[in-house]
Amino acid sequence: MRIKVNGMEEEISEKMMTLQELVINRGLSLKQVVVEVNLQIIPREQWPQITLQDKDSIEIISFVGGG
Amino acid sequence: MKEDSLEIGGVKINCRLFVGTGKFSSNTMMRDVLLAAKADVTTVALRRVDSGAKADNILDYIPSGCKVMINTSGARTADEAVRIARLARAAGAGNWIKIEVIADNRYLLPDNLETLKATETLVQEGFVVFPYMSPDLAVARRLAECGAAAVMPLGAPIGSNRGLKTKELVAIMIKEIRAPIIVDAGLGKPSDACECMEMGCAAVLVNTAIAVSRNPIDYARAFSQAVQAGRLAYLSGLAESVDEARASSPLTGFLRDGD
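Going line by line, the protein sequences match chains A and B.
Going by numbering that gives the first Met the number 0, the first sequence opens with residue 0, and the numbers climb by one from there.
Going by numbering that gives the first Met the number 0, the second sequence opens with residue 0, and the numbers climb by one from there.
Worth flagging that the hints you see were computed from the coordinates, not collected in a lab.
Since the model is a prediction, treat every value here as computed from it, not as a measurement.
Certain hints may be false.
[Said to hold, decoys possible] Listed next, with one range per pair, are the computed distances between beta-carbon atoms:
hint : chain 1 : residue 1 : chain 2 : residue 2 : range
1    : A       : Arg25     : B       : Val211    : 29 to 35 Å
2    : B       : Gln224    : A       : Met0      : 25 to 31 Å
3    : A       : Glu20     : B       : Gly73     : 45 to 51 Å
[What the hints assert, rightly or not] Derived DSSO-like pairs: lysine-lysine, alpha-carbon spacing no greater than 30 Å straight-line:
hint : chain 1 : residue 1 : chain 2 : residue 2
4    : A       : Lys3      : A       : Lys14
5    : B       : Lys174    : B       : Lys37
6    : B       : Lys188    : B       : Lys166
7    : B       : Lys66     : B       : Lys164
8    : B       : Lys11     : A       : Lys30
9    : B       : Lys116    : B       : Lys37
10   : A       : Lys30     : B       : Lys22
11   : B       : Lys37     : A       : Lys30
12   : B       : Lys22     : B       : Lys188
13   : B       : Lys66     : A       : Lys30
14   : B       : Lys11     : B       : Lys188
15   : B       : Lys174    : B       : Lys22
Every residue, glycine too, gets a C-beta built ideally from N, C-alpha and C.
Bound conformation, chain A alone (with noise of 0.2 Å):
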């Protein structure tokens, strides 16, 4: 299936990914990102349950400085 992370278009060959192991695969800390799935925002919690659809629109985001 194909997904959008971050903006960029992605083939993803396993047939069944919760959001939790995509956030993972990519060596990202849990704790310091959000996630929004198209355009919704995912509580933490719910990670491990949510699986990927085809075309779905995700966004990791994380903290970082300004003024």
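Chain B: place on chain A using the hints.
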């Protein structure tokens, strides 16, 4: 000096120098600067993360007790600013939001109309909202009326270090608006910050000038002292300025008298 703290959203703010966290050479340097300035309020931004990004969370470097305001930088419309604010809150970053809606890439000047729209929405949603704006009395009044915690006019374009170029307009806002006025952006020197405080600004927000200094820690201290000096002068009442000299020693009893 008797206690003189600013209270916003139920939080007591003793240090009227707000310090942004952008452009520092490291998170450790950023933390040392916040500590040196004794900052009570700081700002961070939200961005997309690259895979394999550093496991460092900037929030872990912010001294405890320092309130974090999330800025909506990167937003070009009210809707985008609202989206960023909601994401920040979902991430556990609290509900203090600096609204920054910018549709101009060259001068990074804020879009006041979109800023007003975002302020209205976010106040309704229970955020403590700090709109960054181009100084304009009518817009400032509307922002305050719809519940902005403070109004943050720019002194000069972001990161320009040019000082308080908007002085006349900011002065009018201070006179006319009851919400705290916090000058944000463009302050380059401690004397710029002092000037703002002498006029009666409630606080100033500084980032670039400190972060790019050769010695950010001492520069932050200098800013902090300037802010305190300006505040103290404002509370004391500024001395009247006149065109002609007024002697400071008595005009009688000169040695030549009677010669």
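For each hint, the structure was consulted:
{"no.": "1", "hint": "Arg25/A x Val211/B: 29 to 35 Å", "in the structure": "holds, 32 Å"}
{"no.": "2", "hint": "Gln224/B x Met0/A: 25 to 31 Å", "in the structure": "violated, 59 Å"}
{"no.": "3", "hint": "Glu20/A x Gly73/B: 45 to 51 Å", "in the structure": "violated, 28 Å"}
{"no.": "4", "hint": "Lys3/A x Lys14/A", "in the structure": "holds, 16 Å"}
{"no.": "5", "hint": "Lys174/B x Lys37/B", "in the structure": "holds, 28 Å"}
{"no.": "6", "hint": "Lys188/B x Lys166/B", "in the structure": "holds, 15 Å"}
{"no.": "7", "hint": "Lys66/B x Lys164/B", "in the structure": "holds, 28 Å"}
{"no.": "8", "hint": "Lys11/B x Lys30/A", "in the structure": "holds, 29 Å"}
{"no.": "9", "hint": "Lys116/B x Lys37/B", "in the structure": "violated, 33 Å"}
{"no.": "10", "hint": "Lys30/A x Lys22/B", "in the structure": "holds, 23 Å"}
{"no.": "11", "hint": "Lys37/B x Lys30/A", "in the structure": "holds, 27 Å"}
{"no.": "12", "hint": "Lys22/B x Lys188/B", "in the structure": "holds, 17 Å"}
{"no.": "13", "hint": "Lys66/B x Lys30/A", "in the structure": "holds, 20 Å"}
{"no.": "14", "hint": "Lys11/B x Lys188/B", "in the structure": "holds, 26 Å"}
{"no.": "15", "hint": "Lys174/B x Lys22/B", "in the structure": "violated, 34 Å"}
In summary, the numbered hints that this structure violates are 2, 3, 9, 15.
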